[in-house]
Amino acid sequence: MRKFSIVLQYELKEYFKNKSFVIVTLLLALIGGLALFAPRVFDMSGFLGTSSAQEEEMEVIEGEEGTMLLYDSENLVNREMLKEVFPNIAWVEVDSTDTIEDKINSEEALAGFHVVSYTEYDYYVLNRGLYNDENTYFEAVLQASMRQAYFEENNLNGAELETLFSTPITMNEQVLGKDSAGNYWYSYALVIVVFMLIVFYGQMIAVSVTNEKSNRAIEILVTTTTPNSLLFGKVTAGAIAGLCQVGVILGAVLISYQFNRGLWGGMLDMLLNIPAEVLITFALFGIGGYLFYAFLYGAMGALVSKTEDVSKSSGGLMFVIMIVYFISLMQLGNIDGIVMKVLSFLPISSYSAMFVRIAMGTVEMWEIIVSFAILVASIFAAGFIGARIYRMGTLRYGNPIRLTAALKELRKSK
Amino acid sequence: MKLEVKNLRKSFAGTEVLHGVSFEVKSGKALGLLGRNGAGKTTTMRILMDVFRADNGVIHLDGKAFKPSHEKIGYLPEERGLYPKRTVIDQMIYLARLRGFGTTEAKNNSKKWLKRLEVEEYETRKLETLSKGNQQKVQLAATLVCDPDMIILDEPFSGLDPVNSQILKEVVSELIDDHKLVIFSSHQMSYVEQFCDNIAIIDKGEVVLQGDLREIKKEYGQNRLILSAENLTLQELHDKLSQSGKYPVKIDGRTKDYLILRIEDAVTKNELLTTFIHSDIRIEQFGTYEPSLNDIFVEKVGDEA
Chain G
15 MRKFSIVLQY ELKEYFKNKS FVIVTLLLAL IGGLALFAPR VFDMSGFLGT
65 SSAQEEEMEV IEGEEGTMLL YDSENLVNRE MLKEVFPNIA WVEVDSTDTI
115 EDKINSEEAL AGFHVVSYTE YDYYVLNRGL YNDENTYFEA VLQASMRQAY
165 FEENNLNGAE LETLFSTPIT MNEQVLGKDS AGNYWYSYAL VIVVFMLIVF
215 YGQMIAVSVT NEKSNRAIEI LVTTTTPNSL LFGKVTAGAI AGLCQVGVIL
265 GAVLISYQFN RGLWGGMLDM LLNIPAEVLI TFALFGIGGY LFYAFLYGAM
315 GALVSKTEDV SKSSGGLMFV IMIVYFISLM QLGNIDGIVM KVLSFLPISS
365 YSAMFVRIAM GTVEMWEIIV SFAILVASIF AAGFIGARIY RMGTLRYGNP
415 IRLTAALKEL RKSK
Chain F
329 MKLEVKNLRK SFAGTEVLHG VSFEVKSGKA LGLLGRNGAG KTTTMRILMD
379 VFRADNGVIH LDGKAFKPSH EKIGYLPEER GLYPKRTVID QMIYLARLRG
429 FGTTEAKNNS KKWLKRLEVE EYETRKLETL SKGNQQKVQL AATLVCDPDM
479 IILDEPFSGL DPVNSQILKE VVSELIDDHK LVIFSSHQMS YVEQFCDNIA
529 IIDKGEVVLQ GDLREIKKEY GQNRLILSAE NLTLQELHDK LSQSGKYPVK
579 IDGRTKDYLI LRIEDAVTKN ELLTTFIHSD IRIEQFGTYE PSLNDIFVEK
629 VGDEA
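First to last, the sequence lines map onto chains G and F. Numbered by this note's numbering, the letters in the first sequence go through residues 15 to 428 in order. Numbered by this note's numbering, the letters in the second sequence go through residues 329 to 633 in order.
Derived from the structure by calculation, the hints contain no laboratory data. Don't take every hint at face value.
Each computed DSS-like pair below joins lysine-lysine, with the alpha-carbon atoms no more than 25 Å apart [as the list claims (entries may be wrong)]:
| no. | chain 1 | residue 1 | chain 2 | residue 2 |
| --- | --- | --- | --- | --- |
| 1 | G | K31 | F | K395 |
| 2 | F | K395 | G | K27 |
| 3 | F | K413 | G | K17 |
| 4 | G | K426 | F | K395 |
| 5 | F | K454 | G | K31 |
| 6 | F | K354 | F | K413 |
| 7 | G | K31 | F | K400 |
| 8 | F | K454 | G | K27 |
| 9 | F | K354 | G | K320 |
| 10 | G | K17 | F | K400 |
| 11 | G | K27 | F | K440 |
| 12 | F | K413 | G | K320 |
| 13 | F | K435 | G | K33 |
A few chain G residues facing chain F, derived, Cβ under 7 Å [stated by the list, open to error]:
| no. | residue |
| --- | --- |
| 14 | K17 |
| 15 | F18 |
| 16 | S19 |
| 17 | I20 |
| 18 | R230 |
| 19 | A231 |
| 20 | T237 |
| 21 | T238 |
| 22 | T239 |
| 23 | D283 |
Residues of chain G placed beyond 10 Å of chain F at every Cβ, according to the derived structure [what the hints assert, rightly or not]:
| no. | residue |
| --- | --- |
| 24 | V21 |
| 25 | D136 |
| 26 | T408 |
Glycine included, each C-beta is placed from N, C-alpha and C at the ideal position.
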């Protein structure tokens with residue numbers, strides 16, 4: 015334990031003394047923090063939905079300026095209403111669809127509408143863009159015109175009926191189980207955080223283990239301390255360094271968000287209001303899963319002796335991580351299904367599956383305890399197997415050792 | 329302390345590379361493990377350090393099973409290597425702490441050995457920025473940083489220039505004087521000769537010669553003489569002695585200065601000298617032959633080291 019602590023201290027110190035590690039951390043923290051100041055510099059009210067009610071009403075109307083064509087021989091559309099909805103548009107009445115086509119092709123008009131009946135119209139536009147929505151507003155005007163005509167025809171009080179149809183209803187929600195809809199986004203975000211931690215730092219940890227072989231220090235080290243102390247110390251140091259880096263970056267983002275919360279319209283509040291039980295679960299399963307994969311990456315690093323070979327040996331592990339990640343995200347809509355139940359007990363996937371089940375589904379306490387116990391046991395198993403591979407790979411500087419060959423050799427040497 | 333290695337055997341991929349290596353060494357003495365490349369010296373040292381497990385054989389320290397992890401050992405492996413991108417002092421302290429020292433003691437000892445090996449000015453530099461020779465000295469300092477009782481050095485002189493070799497020679501002599509147990513391998517016989525009391529020559533995985541170096545030299549010099557003449561070249565002298573049949577000697581070898589002769593049984597050195605005096609050979613050198621370690625090595629292993 016003492017030697018583990020010496021290795022851990024030394025490796026951690028090396029991470030924090032490493033200029034590129036410190037610069038990357040500070041740079042990412044700075045970029046993350048500054049990004050949240052963006053609404054102070056740019057007008058992002060449209061994207062953030064922070065414009066006032068009056069501005070919202072005007073938004074529809076201010077959408078476009080220019081000329082639009084109307085071919086309405088039956089005089090079905092209420093012209094006043096049309097002007098109210100499109101105040102910046104000059105409506106030109108035409109008497110044929112050919113005229114509409116000519117004027118649009120010559121770009122004299124933005125769009126044209128040929129009203130066939132209250133329930134049918136033709137919409138003409140030169141190029142349809144991603145955000146073309148004038149037809150939607152025109153359709154609304156046409157429907158309103160139809161209703162108004164009906165009210166007048168039947169001598170009804172249109173205003174009274176419109177009020178009746180749009181009476182507001184108050185709902186008092188009492189969620190007795192889990193609010194999946196409410197928990198969805200932060201669960202999604204936290205699964206991504208763990209995935210990123212594993213992918214970014216796993217490789218870094220594998221490289222740090224391989225370095226010992228590539229710089230030939232391994233013979234000195236294995237004759238000085240135990241492989242368990244070495245591998246556990248190195249991997250734990252890499253894992254802590256990774257968590258610290260992410261912590262600093264997230265910390266900078268959150269502090270910056272507190273300063274700019276008003277400008278963001280409280281958009282990220284859901285991430286700050288994560289329930290304590292979810293955060294505790296995340297800490298246990300998320301960090302547990304991260305450590306589990308960190309040890310597997312350490313073992314993969316021990317299979318090779320050149321840092322450029324690390325990606326070869328860890329490719330299979332990356333594949334497993336990706337599969338687990340996509341299945342977990344795809345199953346967020348079916349949280350109590352059998353797939354998530356099985357995944358929540360496997361150490362390769364419990365970090366995300368059990369975590370989201372706790373956040374969004376119904377889980378018994380025994381399930382949580384069993385799953386966590388399996389995860390902890392797997393972390394140590396991965397560490398001990400990794401250390402044995404590391405020891406076995408001492409002085410084997412040639413081609414990468416295949417995982418199956420390494421496991422076979424370990425079984426033989428028992 | 330007495331280290332006894334008995335009957336070590338080791339195979340790699342079905343090929344036996346050590347066929348029962350045995351030797352012993354005591355504190356205050358140095359054992360030189362000699363042998364050609366691939367003879368089994370490094371494998372023997374790695375077995376001592378538990379890098380490899382022997383298939384057979386035992387190692388005892390003072391009569392008990394030897395466990396390297398329980399002893400204070402300074403090991404300089406053949407594959408030199410520390411952390412190139414880390415500072416010299418940091419890795420020295422790290423290695424000393426791993427061998428049981430507290431931080432302050434580790435720091436003090438690191439400085440002491442860096443100073444002794446005359447590389448103290450590089451302590452805050454990254455290892456990769458040092459010359460190969462200085463890196464080698466740092467590696468030696470790292471080997472000795474834990475003040476070991478037993479020192480195992482695999483080819484410690486390789487990569488060192490004559491000045492640095494002299495420093496290392498002095499350090500090894502001091503360690504021996506400090507009653508440390510020293511085992512080292514080398515191809516440089518002159519160094520081995522200077523401070524090794526015992527040698528073990530390993531050839532093709534077997535110890536072919538071992539024991540006290542002075543005794544070995546004495547034994548190899550027994551009944552052997554050197555001779556050169558003022559009036560004859562070595563070739564003429566060689567021809568004369570081997571053709572005439574009147575001299576009771578066999579020619580055993582030749583250096584650039586003299587011939588090495590073996591006296592036939594029942595002939596004394598005085599009788600032989602009298603024979604030469606009464607011949608037409610005008611003696612330039614006549615004396616007891618003292619073989620160098622290199623001569624013994626070549627004779628046993630059959631090739632130049």
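Checked hints:
1. Proximity of G/K31 to F/K395 is assessed by CA-CA distance (about 36 Å); at most 25 Å being required, the pair is judged violated.
2. Straight-line distance between C-alpha atoms of F/K395 and G/K27 comes to about 31 Å, which puts the hinted pair past the 25 Å bound.
3. Restraint check for F/K413 and G/K17: the C-alpha separation of about 22 Å stays at or below 25 Å, so the hint holds.
4. At roughly 23 Å between alpha-carbon atoms, G/K426 and F/K395 fall within 25 Å of each other, so this suggested pair holds.
5. With a CA separation close to 13 Å, the supplied pair F/K454 and G/K31 stays within the 25 Å bound.
6. A threshold of 25 Å between alpha carbons decides the hint, and for F/K354 with F/K413 the separation of about 38 Å lies outside it, so the pair is violated.
7. Our distance criterion of 25 Å between C-alpha atoms is broken by G/K31 and F/K400, whose separation comes to about 30 Å.
8. As the CA atoms of F/K454 and G/K27 are separated by approximately 15 Å, the hinted pair is consistent with the 25 Å bound.
9. With a C-alpha separation of about 40 Å, the suggested pair F/K354 and G/K320 falls outside the 25 Å cut-off, and the hint is violated.
10. A threshold of 25 Å between alpha carbons decides the hint, and for G/K17 with F/K400 the separation of about 15 Å falls inside it, so the pair holds.
11. Proximity of G/K27 to F/K440 is assessed by CA-CA distance (about 23 Å); at most 25 Å being required, the pair is judged to hold.
12. Between F/K413 and G/K320 the CA atoms are separated by roughly 16 Å; this keeps the pair inside 25 Å, and the hint holds.
13. Of the pairs offered as hints, the one joining F/K435 and G/K33 holds, with about 24 Å between alpha carbons and a cut-off of 25 Å not exceeded.
14. Satisfaction of the interface hint for G/K17 is found here, the shortest Cβ-Cβ separation to chain F being roughly 6 Å, below the 7 Å cut-off.
15. At about 11 Å, the closest approach between the beta carbon of G/F18 and any beta carbon in chain F exceeds 7 Å, and the interface hint on this residue is violated.
16. The interface hint given for G/S19 is violated, since its Cβ lies 10 Å from the closest Cβ of chain F, which is over the 7 Å cut-off.
17. Of the supplied interface hints, the one on G/I20 holds, with its beta-carbon coming within about 5 Å of a beta-carbon of chain F, less than 7 Å.
18. The closest approach between the C-beta of G/R230 and any C-beta of chain F is roughly 3 Å, which is under the 7 Å cut-off, so the hint is satisfied.
19. With a least beta-carbon distance of about 5 Å to chain F, the hint placing G/A231 at the interface is held under the 7 Å criterion.
20. Checking G/T237 against chain F: minimum C-beta separation of about 5 Å stays under 7 Å; hint holds.
21. For G/T238, the suggested interface contact is upheld, since its CB lies about 5 Å from the closest CB of chain F, less than 7 Å.
22. The interface hint given for G/T239 is met, as the beta carbon of that residue sits about 5 Å from the closest beta carbon of chain F, less than 7 Å.
23. At about 44 Å, the closest approach between the beta carbon of G/D283 and any beta carbon in chain F exceeds 7 Å, and the interface hint on this residue is violated.
24. A Cβ of chain F approaches the Cβ of G/V21 within 10 Å, the least distance being about 8 Å, so the stated non-interface status is violated.
25. Even its closest Cβ contact with chain F, about 72 Å, leaves G/D136 beyond 10 Å, as expected for a residue assigned away from the interface.
26. Not every CB of chain F lies more than 10 Å from the CB of G/T408, the least distance being 6 Å, so the non-interface label is violated.
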